[in-house]
Structure formats: structure tokens, C-alpha cells
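Undergrad: Spelled out, the chains give:
4 protein chains.
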Amino acid sequence: MPLFRMDFTISEKMQMTLDLIRTFLAKEVDPLEQTFFRKPFRELLPELGLLRAKVKQMGLWGPQLPEELGGMGLSLVEHGLVSEALGRSPLGHYLFGCQAPDAGNIEILHMFGTEEQKERYLKPLAAGEIRSCFAMTEVNTAGSNPTLLESTAVKDGDEYVLNGHKWYTTGADGASFSIAMMVTNPKASPALRASMFIVPTDNPGFQLMRNIQIMGESGSDYFSHGEVMFQSCRIPKENLLGREGHGFRIAQERLGPGRIHHCMRWLGICGRAFDMLCERANERVITLDGRTLADNDAIQHKVAELYAEIQQARLSVLHAAWMIDNDGATKARDHIAAIKFSVAGTMQRVIDAALQIHGGLGMSDDTILAYLYRHERGARIYDGADEVHKSSLGKRILKDYAKGKR
Amino acid sequence: MPLFRMDFTISEKMQMTLDLIRTFLAKEVDPLEQTFFRKPFRELLPELGLLRAKVKQMGLWGPQLPEELGGMGLSLVEHGLVSEALGRSPLGHYLFGCQAPDAGNIEILHMFGTEEQKERYLKPLAAGEIRSCFAMTEVNTAGSNPTLLESTAVKDGDEYVLNGHKWYTTGADGASFSIAMMVTNPKASPALRASMFIVPTDNPGFQLMRNIQIMGESGSDYFSHGEVMFQSCRIPKENLLGREGHGFRIAQERLGPGRIHHCMRWLGICGRAFDMLCERANERVITLDGRTLADNDAIQHKVAELYAEIQQARLSVLHAAWMIDNDGATKARDHIAAIKFSVAGTMQRVIDAALQIHGGLGMSDDTILAYLYRHERGARIYDGADEVHKSSLGKRILKDYAKGKR
Amino acid sequence: MPLFRMDFTISEKMQMTLDLIRTFLAKEVDPLEQTFFRKPFRELLPELGLLRAKVKQMGLWGPQLPEELGGMGLSLVEHGLVSEALGRSPLGHYLFGCQAPDAGNIEILHMFGTEEQKERYLKPLAAGEIRSCFAMTEVNTAGSNPTLLESTAVKDGDEYVLNGHKWYTTGADGASFSIAMMVTNPKASPALRASMFIVPTDNPGFQLMRNIQIMGESGSDYFSHGEVMFQSCRIPKENLLGREGHGFRIAQERLGPGRIHHCMRWLGICGRAFDMLCERANERVITLDGRTLADNDAIQHKVAELYAEIQQARLSVLHAAWMIDNDGATKARDHIAAIKFSVAGTMQRVIDAALQIHGGLGMSDDTILAYLYRHERGARIYDGADEVHKSSLGKRILKDYAKGKR
Amino acid sequence: MPLFRMDFTISEKMQMTLDLIRTFLAKEVDPLEQTFFRKPFRELLPELGLLRAKVKQMGLWGPQLPEELGGMGLSLVEHGLVSEALGRSPLGHYLFGCQAPDAGNIEILHMFGTEEQKERYLKPLAAGEIRSCFAMTEVNTAGSNPTLLESTAVKDGDEYVLNGHKWYTTGADGASFSIAMMVTNPKASPALRASMFIVPTDNPGFQLMRNIQIMGESGSDYFSHGEVMFQSCRIPKENLLGREGHGFRIAQERLGPGRIHHCMRWLGICGRAFDMLCERANERVITLDGRTLADNDAIQHKVAELYAEIQQARLSVLHAAWMIDNDGATKARDHIAAIKFSVAGTMQRVIDAALQIHGGLGMSDDTILAYLYRHERGARIYDGADEVHKSSLGKRILKDYAKGKR
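Residue numbers (my numbering), protein chains in the order written: chain A, 1 to 406; chain B, 1 to 406; chain C, 1 to 406; chain D, 1 to 406.
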């Protein structure tokens, strides 16, 4: 396991950007949080619109976007650090125009879209004027295995006819279009069976059945996960995104950066929860003579253990980002797999410990912890469940040994 | 650690009762569950009322109640097994009239109430005609340390004047009266500082400020946790429950049985989640040739580990119940402390694993798992956080060793 | 998971026996321990012989033996409790004549031996006049899968000719005979491929190659694990033990009781290590003003957690023993599997924690902890590695669910 | 938790050095290993002497030594990587002249020794002509708390008179001198109570009582841990090392680099054990049709989890080394504390898993795993037990929060 070249040093300008983001979140966004926990997201849209405008004015819009799309053109290490800073707020990524799945959709439209697709879909999306969704996960088949995908797109003259039943289509409610993964060549090899399509959500064959009730909340607009039906959904063949049969390849492209983005967001959450844990320990008096939770050795141990764990997790993600920046995603493959499950696990442990130390307060929505506890539980599931990543990474490592490669 | 006497054998009649309960829940209650996840509890009241009537007709009302109060008069081991059976449904305890905190309130009214108190509060409560709440936990002080309690009751002629700020007063919304723990003798020794009072909720000095939003839900009626204020709340001195200064002693009394009740309820939850885990593993196809999650060794390991853990947890709770039945709660003290944190931990692990294997479905409210995940998280906090029990149990064991008692 | 019948109550006589054993170990055996850690076992034989004589005089020889063999004729629950008491000393089982593998060998000779075999082998073995060993595990094949067994016994006239390479033949050094598992019918179904044979160790075809150096020690006599060769080893056909092809069936018979025996021995070890942990915590001063490790919350937590874990483990083993006593080993199968890996894990954690709290002293052989740490590590491996038991138990449970049996 | 500057890139020359070391160990040292497990270390000395000569010829002697002492003058990051490479062999550090405690003793003699001390003790020590030991840990007091130190040095004219009872004085057997930590100013503040002295082992007041039997082995020469007595041990005042009262300050100095050295050695062990785990999984056939342990999902998961853990551990140590190199040990303090307990834990888990997968073979000394299992257990104890580091790190972090520093 060699690691003899690595440099995470970032520029002073970048450091200033990060400070700016933190200040903005603390001053302008955190005060909105309690409202966010108690009102439908849709009702917050006007206020969020104003904040987005401020972000643009500050020149911080789209940290992940190339400059030509009005973004900051950051490296992945830099974008990772921005994602971490934004992750401290559940509204951060949305306000800065780098929220999933739009960020990923922008990326693939940018790389694989036709000029017309870019004009019509990419431009307004990158500008935050519209939203999109990504319809891949199916209700009835295991997302971990692409050979099981059942939704189909059949060519019929100048059109494709799409049929399928998808869910966990994040933000379908209010989206202008969906990118949909559909089987086009059932008999092709697994990697070449499916294609991606752009489907405007006003297409009569596309239907948002419901916003799935998740952990007690159905959500609305961007903060929702839709169950959608494609029923004899006809779209012009120009809406094919990239080459036919290349759906999984394209999906693969967005995976590396998306992973860094998520893991660093989780680390932002870890940072926030850890801060809360420590502050609560310092404040919570447990005896008449003023002894606090911070005086308890078991709490001190917990703080030390989580500190060590977060530090390690953070280094591993920055390292993976650095590898992608320098050597490409393929070489960083094992690292990208490893951070997915390990950082998600770290986040769950940090949130759980922070909640626990807050006692009853932690169970309530008077702090952010209960929100993080229930909604960030998804991290060990989406983008590949822990088990899937562990199996495939373990298999790959063992094969490398069998081949004498390690 | 001697254990040379123990007999859990139960009667055939009891076994039939348990079967009856299970069948009733499966047929009559489970179909209500999705509605319960999606509608305010208050809207379900009519339907629940009908089901309660059926429970009474079957002679299964009040499994924990002595026969003189119209209950089944079970031993603690037996009641534990009933609690386990009921625990499989989030509506079980409510429907059978043994829900917290009413069950505990009934117990102490029965043991310490005056005849008048019994007539006025206990009778309708035991019959399920009214509900009650228990106001102990304070917003500003650590519940783990009774010497920190700040709410006061000051005698003024024939009345007590109560002032205090409480929360996590379960089911305050819709309750007819509250039992409230208030400091009556601030200078007394810790164990004798506080007293219990019966406070009708229509007293003008009692105010339900809000139903606390917990894990995204404020709830209503019985399924709610209130933040309540006692402001110059005057009650007649006849509303003192038990002797003045005996508040903590009385609270102590309900602890043993309450613990068994909770732990067995948690084991009912474990049983249900474990069933779902296994069934999902058997059903979820992960390859084209029909291999399921159940064919995965890692899943098999998880199933075996959780099975072993649940078995052990269950034996430990039954053992503690048996000890209380036979030797009294004082001798069973260490066992009662141990099951609190260990069984809560087991439940959290089982729920987490069941949710994980359900993937996206597990995050949604289409199954019960997301409900259990977010709301049963409280088990490691209420009735004494894990840390509190571990410290006090550990301390006690170590002291026993120091004294040569073990 | 029903558990509605269970009675662990034991007789007063039994309780007195247990006390007697404990006193004997504390007074007569513990003083030998440091010598045992520093000298070859063989050098201790004279002294151990005297102690065995005392055990016989007290009428405590062979707790697991039926009365007709000069033993105590205990139930499995009772024998389990004796095994726990003996387990506190590494010499306990040997001194009381119930050490593995002799105890198991006695059991199968008693059940399946011919009259002649009983006369010649069983009698002196049960009396402790000779020792035996059990040659099953092979150097080159995975013991977890009996279909891989390679050693063979081929009939040749009135003899069998044995060839094979075995190891972990416990106590081969100094044994009078070995029971050996050999393939007799390579083409039979897995369960019927092998047979058991009695092989006197002075047979010229039997050779003890070495006492395997395990965790730094080769050991000698009973405290050793041999690597043995069977090379054209001819034995009369009368030395077949039980029916040809029934080797695995016979092995199966000794499994249930053997498991209880081991698990309770491990619990004896847990008890001893836990005692040491608590005593050390009480004694070890860590500040000038006399604060000890016992005053540290993190240590208190550890004590509480291990206490809860040991209690649960203990109940689960007694429960399994009780099930075997009452319902037979087949019905108790899942329980027997579960205790193997869960109790072994508990023991490892308890020993590790006790060692840790002893610091440098724990690493030295000045206490028993370092001995337990290194040698009892085997518990997660012998008699089926954790992984093997978890896979098979998990598979069985999942199949039961598929069949609607649970 | 900012981390915006970090560069681990190393030179090509360094990379070649590491390759050279690995090849040397594999070809020249590994073949000695089985002998090392079975014979007293003292008997290996002649052969080891020849290998040391080869190391010197290759110019690889003393990777941690400054060039003026005949070493390689590496940075801490570089030295860390060398320590990792050497850590794969239990003989590595000794053969390259960077074994504890000599490496630390050299460091403090170099920094604080007088010219005469350097001439007499440092020179031959750095050249590997003599060995030294470090007498700090006491038999009767907790090493974690320096205020408890009891051994004394009292000035008497031109001499100091030393009295004390120490143990875990590594390599005392065969050492030419000891550096001893003794209380010189009992009433001074904790940090200024003790001083360091150079004590030749042929001083009549110095006695090696025994080589402590650790995990079954007393060891000899360098591979031993001594219990030593200082009894009216008179040494000239010139043998004071550094200033009187500065003993702990000096000890502090060697802590940072020593920590990196140890943690990277542990990572070398992790690498070796992980390799063995993977190779065993690939080789071990578990079914007739050739399925191996590597085909088992549970093993794949374990491989993936340990891979992720080792990667993270490695990054955290290199990061700490880089911080010491660039910002000094004081600023890196929290990182240095965190890696101690987290990497020791990782190593224990990796070794345990590797041993487990080797089954019976893993318990034997036919591989290195049993050696690592028993002797490297000390890592969680020496240089400060896990608990000590967790408490002090946790306390420090919490205090920083209280001061608003984080």
C-alpha cells in the first residue's frame, strides 16, 4: 500500500473562500433552520431564492461547476472542502447550486449533452433557474445489480417509448426534467444494456405518483423523493443522452466526484455534530457542585475516539479526492469504494453519540441532531449499500492478491 | 455470580393467552398501521376505541392490573411475555390498557393513593376512560440527578402552590390529570426532597405549552410528549400522593416492573424486526439466476449474531422478572440496571440491521422499520441514559468487590 | 422465539458440591499456578497425581461420568455448573477427570464401544489411569467441511490400514491410545464417509511428529497438541469404534455436551478475569490523593457492560444445557450453535479488558491473564470457527423462515 | 478541524531506499524467523551481527540518526516510512539500528548529553557496538501519573545515590548502561520532580533481578524486559543527563518521534498480517469444488473493512509525522495522542482477523501471527495505555471548546 506522493496544500484564496462560506452560513442560513424543520420546503422557496441571489453576488455559486458554466472551477480537493463547509447546514448545497442530483446531472449534460440539450437543459439548470431529477432506482429490483434493471425504452420511429416504475427519484416534485436510466438493449452485456434519456416532467407519459414518506416526512419540492411512473412515455430520439447503450458508463463518470462531494458533506455534518457534542458536554451540569458531562472520563474517551475517527475519515476522503485529481478515478477506485462505507459509518456514530449526549433534547427537533439522525441514515444505503461496496472492494483486493498485484 | 434457582415455566393458559394476543394483533391491529404512520393519532381514536372494547370483551384488558382493578393479575414474568407480544405493534400497549405512563401511574395510585384519589383518578384510569401523564423531567436540569430538580411545591394553607417547567410529559395532550414530581423540602437529603402531586390538567395554573416535535413529528393525544408549565398552580393538599418527601421513593417502586415492561416491549420489537430482516433476505433477489440476500454469508452471519444476541437479551429480562417476582426488586437491582442498557442496545442494532437490509424501502414509511428506527432511539435515553446506568451499576459492583461481597 | 418453560433450579446438595470445588481449587490448586506457567507440565505430574487422589477421596471425580463409571452422574445443567467452577483454574478439568478430549472419548466409548473396548480402554481412561487423544483435524484440509477429509482406513483382511496426517491432536504426547477419524467409504454421502478407530499409540504405524509450538509453547504431556502421522498403520478390525461409516454421527453425539462443557468452562474463566479486573480497579491508585481506577467512569462503564454480557452469556448456556437435558440435543441445535461463538467472543472481551486494566502486569505471567489471553484465543477456532457456526446457524434460521417455520 | 496544507510527497531516492529495505528483509531476514521463534535471542546474535554489517555496508544503518552520527538524516515522514518497512519483520528495527529504547536514548543523548557523555555512551550506542536500556516504569506505581513516581536520586557530595524498583526495562539483559528516571526534587511541581541519569549496568548498586516472563517467554538479551533494582546505587554527578529536574521535559522530547516510529512499525505489521490474511483466503479451499475462503462474502467484507481502516490509520500517522516535521511536536500534540490508541487498536484487529482466518495454523508458531498476537498486545499498554491517552486527549479537546478555541 504505497503512498509516497500526496500534497493537499491549498491556496490562500481558497482558504478565504471557505471562511466566507462559513460566515455566510452562520449568519444568513442557520437562523432559517428551525423553520426548515417545521414547515414544508416549498414555503421556504422565496426566502431561499433571495439567499441564492446573495450567493451569486458573492461569486460563490456552483463551486463544482466549470467556469464556463458560471461556476468556480475548483479542483476536487477544493470542491471537497467547500462541500464540507456547506455540509454543516442542511440547506448549504441547495443554496450554493451544488445539490444532488442536479450537480451530477449538470456534470453529465456538460460532458455528454448535445449542443441543443445543453442550451435547453444544462444552461438553466446550471443557473439554478430550473431543477432536475434522476430516475434510476426501481421499486422492484435491487439497485446494486444493474443486470436486474427492468425499465425499458424501445425505439419507435423518431421516438423512444419508455416504460418503467422508479422511486427515490430525488426532487422529482417540482423538477422540470428527469434523466432516466432505461434498458435499451436487453441482450447486450450488462455494461451496455441501458441508456440515459432526458424526459421533461410535463410529458403525459411521466407521472409523479407520490412523494415517498421517509422517516415520517413526505417533504415537498427539492426536499422530497418521488415515486414515478413512465407509461408509454414517448420522447423524441434527440432526448437520448450520450450514446445508446452507454447509460452505465455515463453513470460511472459522475460517481467519483459525487462520492467525494457526499463524503465531504458527511464530514461537514460530523464536524457540526461533534461541535455540538463537545459544547453540550461542557454546558450540561450533572451535580450540585457544578461538575459537567465534560468531567466524565467516559465522555472524554468518546470525544477522543470520535476525534480520531473523524480525522482519519477526513484524511481518507481528501486523499481520494487528491488521487482523482492527479491520477484519475480509475486508479483511485479502491479508495473511492472504501470512503463510501467507512465515512458513512463514522457519520452515523458521531450523530448517534451527539444525540445521546443531548438526551431528550437530542430526540426533539429543537436541535438539528434528530433531523440528521433520521435522514442521514440513508447514507449507508444510497449510492450502493455498505454491503455492496464491501463485497466488491473485498473481492477486488483478494483478486489482486491472487494475481500477485499487491 | 450464582444462578442456581430459576424457573420460567408458565402455564398452558398463559400460553393460550399469548397466542390469542398475537392473533388479535395480526388480524385487527396490523391493518391499521399504515394509517397510524400517516394520520394524527387523534383521528384514530374512534377506531381504537372499538378495538379496546374488543380487548375487554376477550378478557385481556390490563394485563398488568391486579384483578381487583379489572385486570389479569399476572406475575411479572407473565406480564413480561404479554408485553413482548404487544410490543410487536406500536399500538399494542395502548389497546390493552398497559401503556406508559398510565400503567405506572395506576401502579402508584393503587399502592399509595387515598381512597378518594382511587375513586376519582385510579378507577377511570384503570378502566381506560381517561388518560394521565407524568411530569418529572425538567427542561433545564439533568434528570439523572434528582438533587438538581428545581420545580417546587410550597404549602400555603390547605393548598400547595406548584411552579415548574417540565417536558417529555408523555401524553399530556388529552390527559385528565398529571402526576407531578415537585421539590417540597429543598434542604432535605436528596432522597427526601420531593413529593408527588395529582394535578388535574384543567387547573388554570397548568399549561401544556406544546407537543414537542420529536424526530419530525409533534404527534397528538396519547402519541405526544408535552412541554408543560406549572405557574402558581394551586391544588388542594388532598392531591398530595403518598407522604410528603416520599416522591423519589414512590418513583422507585414503579421502576422494577416498568423496566421489565419496557425491555420486553423492546424484545417484541426485536422479534418483529428480526422476522422482517429474515423475510426480506429470503425474498430479495440480487442476481439474474435468483440468488437472494439470504445466500450471502455476511447476511447469514448477521442473522446468527442477532439471533444469539436477542436470545441472550430475552433470557436476561425474563431472569430479572423472575427475580423480582421471587426475591423482590431490591435483590434484582443489578439485573434491572443491566437489562436497561443492554436490551436497548440490542434493539437498536436489530432495528438498524433490519432497516439496512430493506435498503430504500427501509428508509420509507412503507414498513414499520423507519418508525422504529427514529422513535425507539429514545430507549437509550428515557428512564435513565445508558451512561447513567452503566456508571451506577459499575460503581455498585466495584464497591461490592471492595467490601468482599462478591 | 418461544421460551415458556425453563427451570434451572438445582439441589442444595449440588450447591454444596460447587462450594466444595471452589474451596479445593482456591486452597490446593491455585498455589500451583505460577509453577504451571513456568515449568513443563510433565514435571508437575507427581503433584497433580496427589491432587487427583484427593479429588477422588472427596467423591468429586468425573462430574460428567455416569455413576456406573465411577462418576457423579450429573445432569447437563449441573455438569455445566461444575465445569464453570473448574474453569477458574487451568488445571481444574484435568484434576477432576473431565478434561477434553478424554471426557468426549469416554462418552463415545461408553455409548458405542464393544465390551472388550470398554474393558481395555474405557475403564482405565475413566479412572484416570491412562490418557487418550482424538485425531480428527488434518493439516491440509479445512476441518469445517467433513467432505474434505483425506485420511483413509482401508480394510485388509482382519485389519484396517490407516494413512493420514493429523494435527491438533490434543495430549497425544503421553496418551495410550488415539481415537482417529478416517475415511472408509470415499464415495458415500458426506455423513457416511468416515469411521472412528481406536489406535494404541505404541503402534509402529502411529507417530507423534512433534508437539506443535503454540503461542510460544510446545507444552508436554497432557498440555500439548500433537502433529501425528498414520503411515500404513495396521490395526485389528476389532478396533473399529461403532459402525463403519458412522464416524461423523458418533462425533455429533459428543458435540452437545462438549459444547456446554466448554462454554461453562469459558464462563468460569470470565468469572475469574472479571474478579481480577474489579479487584485491580479497586486497588490501583492513579492519583496522589488516592483516587483509583474504580473511580473512573470509563472503567465503571466497562465493568457494567461486561457484567451484563457475562450474565447474558451464562443464562444462554444454562438454557441450552437445560434444553438438551429436557428436549434433546437436536431441538437445542440452534442454541448450541449460538453459544459457541457468542460465549467465546464474550470470553475474549473479558480477558482482554482484564489484561488491559492490569497494564504491564497483565502482559507478564505474574498473573494468569496473559496465559488466558494467548491460549484461550483458540476458543474462537476449535470445535468450529466462529465463521462456520455463524454461516450454518444463519442459513438454518433463514431456511426456517422460508418454510414458514418461525 | 482545518487541514489545508499537507504534502507527503517523497523523493525518488527515498522510494528506492524503501524498496532496498524490503528486498533485504525478504531475502536475508525472513528465513531467520522460524529460528527466532524457537531459540533464545542470544543464540541468534552472531548471525544478526553479520546482517547488521550488511546493513551498514548498504548505507542503511540508523535511518533515524542524523548524518553526523552515521545515520541517514531522514525527515520524520521518511523515517516513518522506513519504520513501516522494517516493521514487517520482528527483527527489522534491531538490524537497522533503530530499535527502542536505544533509538530514543540516542536521541536524548544527542540533544542533552555533555561532550563526555556523547563520547562515552552515544558514540558506541549509535554505532551499534553496545546496547542501552531505559528504566522508568515502576513496579508499584501507575506509570500514567508522573506525580506518583517513587524512585529517588539524592545528591551526596559529588555523587547521586539512587534507589528504586523498576520493571519493563526493555533489553536490560546485556545492556551496557541504563538511563534512569528518578525523583530528585520531591516537592517540586509535577513536571520538575524528576531527573534522568546514566547508570552503567556494572554498577554494584544496579541489579537485573530477572527477565520478566511475558506471554510465556522470558526472552534474553535485547528481546527481554527486565525487572531492575537500584539499591544505594552511587553514580558520579557527571552522569546526570540534562538539567536536574528536567527529566520529564526530556522524556517529552522523544515522545513525538517515538510515537511515529511505533505507529509506523505497527502499520508495517498491519501490512504483513493483511497480506497473510488475503493470501490465506485465496488459498484455503473449503468445498470439494474448489471454493475458497475468498469466495465468502463475510471474508470479503472483513477484507474491505480492514483495508479501509489500515488506509485511514496510515494517513493519520503520516499526517502527524508531517505536522511534527513542519509545525513542531507541540502543535501536533492532539494528532500524536490520537494515533497512539487508534493505530494500536487497528493493529490488534488486523492481527486478530488474520489469525482467525488461519485457524489452527494461526494459533501455532508456524506463522508469525501467534507471535504478533501475543507480543504486540502490549501496544495498547506501553507508552501510555489507551485509556490514559483517551482521557487526556478528550479533556484537552473539551477544554479547547470551553475556551472557544475550536
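Incorrect hints may have been included.
Given that identical chains are not distinguished, each listed pair holds provided it fits within a single copy or across any two copies.
Pairs of lysine-lysine residues, derived as DSS-like cross-links and limited to a Cα-Cα distance of at most 27 Å, are as follows [as the list claims (entries may be wrong)]:
no., residue 1, residue 2
1, Lys237, Lys39
2, Lys56, Lys39
3, Lys155, Lys54
4, Lys118, Lys395
5, Lys237, Lys13
6, Lys39, Lys395
7, Lys331, Lys399
8, Lys395, Lys155
9, Lys56, Lys403
10, Lys331, Lys155
In case anyone wonders, no lab produced these hints; they're calculated from the structure. Quick caveat: nothing in here was measured; it's all calculated off a predicted structure.
Undergrad: Against this structure, judge whether each hint is valid.
TA: Hints, verified against the model:
Taking identical chains as interchangeable, the C-alpha atoms of Lys237 and Lys39 are never at most 27 Å apart, the minima being 41 Å within one chain and 44 Å between chains. For the identical chains of this complex, Lys56 and Lys39 are intra-copy neighbours only, at 25 Å inside a copy versus 41 Å across copies, given an alpha-carbon limit of 27 Å. In the homo-oligomer, the alpha carbons of Lys155 and Lys54 never lie at most 27 Å apart, since the shortest distance is 45 Å inside one protomer and 59 Å across protomers. In this homomeric assembly, Lys118 and Lys395 never come within 27 Å of each other (Cα to Cα): the closest approach is 39 Å inside a single copy and 52 Å across copies.
Taking the closest pair of Cα atoms, Lys237 and Lys13 never come within 27 Å of each other, the shortest separation being 45 Å inside a single copy and 57 Å across copies. Neither within a single protomer nor between protomers do Lys39 and Lys395 lie at most 27 Å apart by alpha-carbon distance, with minima of 46 Å and 39 Å respectively. In the homo-oligomer, the alpha carbons of Lys331 and Lys399 lie at most 27 Å apart inside one protomer (16 Å), although the nearest pairing across protomers, at 41 Å, exceeds that limit. For the identical chains of this complex, Lys395 and Lys155 are neighbours neither inside a copy (37 Å) nor across copies (45 Å), given an alpha-carbon limit of 27 Å.
Within a single copy, Lys56 and Lys403 get their C-alpha atoms no closer than 51 Å, and across copies no closer than 35 Å, so neither meets the 27 Å cut-off. For the identical chains of this complex, Lys331 and Lys155 are neighbours neither inside a copy (36 Å) nor across copies (59 Å), given an alpha-carbon limit of 27 Å.
In terms of the numbered hints stated before, the structure departs from hints 1, 3, 4, 5, 6, 8, 9, 10, listed from lowest to highest.
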